[in-house]
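**Q** Sequence:
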Amino acid sequence: MNNVKMRNEKKNNMNNLGEKSNDKPKSWAFIIFVTIFLWPLGLYFLNKKFHEENLSINVTSNMKKLALGLVAIGIFGALTPPPEQNPNQNVIGPMIFLILGGVAVFIFSNKLKQYSIKYQKYNAIINTEGVTSIDNIAATVQVSYEVVVKDLQDMISRGYFKDAYIDDANREVRLLNKKSQENIKTQSNKQEQEKVVVACNGCGANNTILKGTVGECEYCGTSIKG
Numbered sequence: 001m002n003n004v005k006m007r008n009e010k011k012n013n014m015n016n017l018g019e020k021s022n023d024k025p026k027s028w029a030f031i032i033f034v035t036i037f038l039w040p041l042g043l044y045f046l047n048k049k050f051h052e053e054n055l056s057i058n059v060t061s062n063m064k065k066l067a068l069g070l071v072a073i074g075i076f077g078a079l080t081p082p083p084e085q086n087p088n089q090n091v092i093g094p095m096i097f098l099i100l101g102g103v104a105v106f107i108f109s110n111k112l113k114q115y116s117i118k119y120q121k122y123n124a125i126i127n128t129e130g131v132t133s134i135d136n137i138a139a140t141v142q143v144s145y146e147v148v149v150k151d152l153q154d155m156i157s158r159g160y161f162k163d164a165y166i167d168d169a170n171r172e173v174r175l176l177n178k179k180s181q182e183n184i185k186t187q188s189n190k191q192e193q194e195k196v197v198v199a200c201n202g203c204g205a206n207n208t209i210l211k212g213t214v215g216e217c218e219y220c221g222t223s224i225k226g
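Note that full-length UniProt numbering has the sequence shown beginning at 1, numbered continuously upward.
The hints are simulated quantities; they were obtained by calculation from the structure and are not laboratory data.
Below are the PhoX-like pairs computed for lysine-lysine, each with C-alpha atoms no more than 25 Å apart in a straight line: (1) K121 to K150; (2) K65 to K111; (3) K26 to K64; (4) K162 to K121; (5) K48 to K118; (6) K162 to K118; (7) K118 to K65; (8) K150 to K118; (9) K26 to K48; (10) K118 to K64; (11) K113 to K150; (12) K211 to K195; (13) K162 to K48; (14) K111 to K64; (15) K162 to K113; (16) K26 to K65; (17) K64 to K113; (18) K64 to K49; (19) K113 to K26.
Since this is a predicted model, take the numbers as computed values, not measurements.
Using the sequences and the hints given, assemble the complete structure.
**A** Below you can see the structure in the form of structure tokens.
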């Protein structure tokens, strides 16, 4: 119970931190501009963009296009001779910086793409197939129990599984929203199966029948409706 409580407190702290730093998403134009002139900072904004758009594969696709653009600009600039008015101008250094930036963005985009694919697998197993046992999830994705716990905790902290936490004692991931929906569904089913007492038109005897259904009087066989 203490482990569960500590994880819940950690999740709440992460959510509060996310709310405090929920600034306006940066546009692609801004990110491209920053990446061209200072690609290490651009990687930071690209990572934020990726998570703001819910791990979209489209973001990683745009990142690869940006990476190829940086490499192309770098190669073109390196091969272009310096202007006549400044023949000693050194453009090789900045162009190499751009090429390295393009390579870094390309590698980073592949890493984020793998993260997105991994999340989609977890999401399908947990939300679509309804599997909450971490041991079963680990067997499905073919990784260790510890790796699954680390991945799920990271995704919970980032807000991809709303109102969820890791139940260490039962080795499960708990989805509070899903449980609430199941309770509502169960209550709805109970209401649908509510029994009512109906007087038979044939013999006048009282019969107990499911509400909204048609049956027969148990005394005379006359058709009755709940």
